[in-house]
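K.L.:
We have chain A already, so just place chain B on it with the hints.
Below are the chains, spelled out letter by letter.
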Amino acid sequence: MTEYIVKQNALADFFKSLASGRRLLTPRGTGDKCKLGETPPDQVTLEYTNTHLSPKSLLFPQTERLMAFHNERDKPNGYVYQSLGDNGEPTVVFGIRPCDARGISISNKVFQNDRFTDPYWKGKIDQTVFVGLACDAPSPQCFCAAMGGSPFGESGLDALAFRQGGDLGLKTLTDKGAELIKAAGAQEANLADEIKKLEATAIEAQGVKADYKPIDDLDLMDLFKDPHWVATAENCLNCGVCTFFCPTCHCFDIQDEASERGGVRMRNWDTCMSWLFTVHGTGHNPRPTKTERVRQRFMHKLKYIPLKQDGVRGCTGCGRCVAMCPVNIDIRSVALKMTQTAPSPA
Amino acid sequence: MPQLSEITNKIRESARKALESGKAEVVIGYRQGTIPLTTAPFFARTAEECDQLVWSNFARINLANYLSGRTGKVALVAKGCDARSAVGQVTENQILKDNLYIIGVPCSGMIDNNLVTAKEPRPISEAVETTDESITVKGGGFSTEIQKADVLRRNCATCVNRTPKLADELVGPEINGGAADDFADIKALLGKSLEERMAYFKDLIKDCLRCYACRNACPLCYCPICFVDETRPQWLGKSTDSMDTMTFHLLRGLHCAGRCTSCGACETACPVNIKVREFNRVMELTVQSNWRYEPGLSWDQKPPLTMFQTDDAADFIK
Numbered sequence: 000m001t002e003y004i005v006k007q008n009a010l011a012d013f014f015k016s017l018a019s020g021r022r023l024l025t026p027r028g029t030g031d032k033c034k035l036g037e038t039p040p041d042q043v044t045l046e047y048t049n050t051h052l053s054p055k056s057l058l059f060p061q062t063e064r065l066m067a068f069h070n071e072r073d074k075p076n077g078y079v080y081q082s083l084g085d086n087g088e089p090t091v092v093f094g095i096r097p098c099d100a101r102g103i104s105i106s107n108k109v110f111q112n113d114r115f116t117d118p119y120w121k122g123k124i125d126q127t128v129f130v131g132l133a134c135d136a137p138s139p140q141c142f143c144a145a146m147g148g149s150p151f152g153e154s155g156l157d158a159l160a161f162r163q164g165g166d167l168g169l170k171t172l173t174d175k176g177a178e179l180i181k182a183a184g185a186q187e188a189n190l191a192d193e194i195k196k197l198e199a200t201a202i203e204a205q206g207v208k209a210d211y212k213p214i215d216d217l218d219l220m221d222l223f224k225d226p227h228w229v230a231t232a233e234n235c236l237n238c239g240v241c242t243f244f245c246p247t248c249h250c251f252d253i254q255d256e257a258s259e260r261g262g263v264r265m266r267n268w269d270t271c272m273s274w275l276f277t278v279h280g281t282g283h284n285p286r287p288t289k290t291e292r293v294r295q296r297f298m299h300k301l302k303y304i305p306l307k308q309d310g311v312r313g314c315t316g317c318g319r320c321v322a323m324c325p326v327n328i329d330i331r332s333v334a335l336k337m338t339q340t341a342p343s344p345a
Numbered sequence: 000m001p002q003l004s005e006i007t008n009k010i011r012e013s014a015r016k017a018l019e020s021g022k023a024e025v026v027i028g029y030r031q032g033t034i035p036l037t038t039a040p041f042f043a044r045t046a047e048e049c050d051q052l053v054w055s056n057f058a059r060i061n062l063a064n065y066l067s068g069r070t071g072k073v074a075l076v077a078k079g080c081d082a083r084s085a086v087g088q089v090t091e092n093q094i095l096k097d098n099l100y101i102i103g104v105p106c107s108g109m110i111d112n113n114l115v116t117a118k119e120p121r122p123i124s125e126a127v128e129t130t131d132e133s134i135t136v137k138g139g140g141f142s143t144e145i146q147k148a149d150v151l152r153r154n155c156a157t158c159v160n161r162t163p164k165l166a167d168e169l170v171g172p173e174i175n176g177g178a179a180d181d182f183a184d185i186k187a188l189l190g191k192s193l194e195e196r197m198a199y200f201k202d203l204i205k206d207c208l209r210c211y212a213c214r215n216a217c218p219l220c221y222c223p224i225c226f227v228d229e230t231r232p233q234w235l236g237k238s239t240d241s242m243d244t245m246t247f248h249l250l251r252g253l254h255c256a257g258r259c260t261s262c263g264a265c266e267t268a269c270p271v272n273i274k275v276r277e278f279n280r281v282m283e284l285t286v287q288s289n290w291r292y293e294p295g296l297s298w299d300q301k302p303p304l305t306m307f308q309t310d311d312a313a314d315f316i317k
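Line order of the protein sequences matches chains A and B. Read the first sequence against numbering that gives the first Met the number 0 and you will find it ends at 345, with the numbers running on by one and no gaps. Read the second sequence against numbering that gives the first Met the number 0 and you will find it ends at 317, with the numbers running on by one and no gaps.
Bound-form chain A, shown alone:
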């Protein structure tokens, strides 16, 4: 871990170097049009809050075509599956926010672990270098620190950039990041104390100071059985907004779209808010009402993922679901309700 600095007048060359030999993706556009896009090095901006949708579609597109199959028995390769998976291309993502990078690191453990390796995810992530941009002005909806992250968080990143007056400070976090930043001509500098100071100010600026720790200590079944879920779910519309905007929601539905001649196998984003998500072939549905579905989403984020990932919460505090929910179901309020769960007698 080394810190670097790029002076304001050297920024243009720095971004040019990042983009050399690979595509450079940065947040572009404003408001609901802000998204990661290929950016000419002279058009990189640091003036944005965050992308409207999370950047997960970069590694996990809403629709991903996995393979094609044919019914051409006369031809020698008539039944051979043809891979359609997009294995990515050399890419630098500059300006991803620490909350979203953390989201990618959480999903990474779902797509790559000691049991499975998802080739489509792996192909793309292996070729991508993530340079985050720390948040010096958190938006009113941000609560990454309350969820265990930080506006200067490092999880999921190869390097973290931050504004240092008009200059750009950098901290490299992986070999991949170090190689990229060094090659881009950044100057070594000792900025560790400066980062600590900026980070403390940014955390202080976040409005939400809630302590969700009690959820970690409460028994899973006590949380599950608490009666508040009925009221918590009562106004839910069961649309998929929260799941589609969430940087860590990773569930998908595999579909074959086929005719007599052949077809394509694809996977699409799915949403646990839909009754269809769990309905069985028999017609039985283990999550028959919105109460079970809403409980699932919050239990997954705040209890199941932490249990599986050494305490790391499945919510990164990016605030998208809070801002986008049509009926204002606020994960911060739900988490607080969960902390108030009464433990059952031992």
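Don't read these hints as lab results, they were simulated from the structure. All residues carry an ideal CB built from backbone N, CA and C; glycine is no exception. Incorrect hints may have been included.
To be verified - To list a few chain B residues with every Cβ distance to chain A over 12 Å, as calculated:
(1) 15
(2) 72
(3) 96
(4) 272
What the hints assert, rightly or not - Capping the alpha-carbon separation at 27 Å, the derived lysine-lysine pairs in DSSO-like fashion look like this:
(5) B:118 / A:34
(6) B:137 / A:32
(7) A:32 / B:201
(8) A:32 / B:147
(9) A:289 / B:96
(10) B:191 / B:205
(11) A:175 / A:195
(12) A:195 / A:208
(13) B:22 / B:9
P.N.:
What follows is chain B alone, placed relative to chain A:
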């Protein structure tokens, strides 16, 4: 200039009375949202819970959406459009009229947050509202007053049914509507070629995520299983294929023909700001010009497309 707190107090009083008198077991209204520029649907079952009910310039979601299939007695806090949807729920047999008590709120229109952020792009951490004429938004080092007339939702700007006339009671003085939607843009669109119309609608929905927030926020979309969710057989692909997405929007538009009250819940719910109502406005114009019918203004009239008459003017139906 009506104070919002006055209306809020009247709503709470009516809600408590509805619960005490047994007219309702639950009152569905709005409570303050947890973030600026927002309210949340709220279900009050006790006198204490009634104190959480509020009136606001951000009461956008149509609460009639929570009526279909309800069996107990319910009181509904309703704007003009919501009350029309509630009447629709009765005429379409989704709820018994005897089980429904409408607390009508004459409405001067609701605010479109996108228009607010267009006027004040800095991050807003607080919105103060005391009257139904203006709001003040605040953030780091700024405080900006915005007139509601400048940031009304477009369905509210052309609303002519601001006062819920079929409500069981009104909690404020009647408000008259202004100029109705003249459909000038829709008429111009319908005069164009098929290709141009298709191009228009394709562009309209290009950002659609198929999250179905529009459908789920809509009080008309109460089908137990929506055609897009059918699996045996599966009518529609699940991918981001543009024709599948278009099929969803076209069919939803047709299913809502002659039933839509322009409440704008679909557009409020859409997370990528698609003007979903364009589909509905085409059908609204069609139904109005063919049958001179406007939904939700009578307890007895059925929507034209759910009716059959032996003396129908059209040949095909006989």
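K.L.:
Going through the earlier hints one by one, which of them does the structure break, listed in rising order?
P.N.:
Hint 4 contradicted; others consistent.
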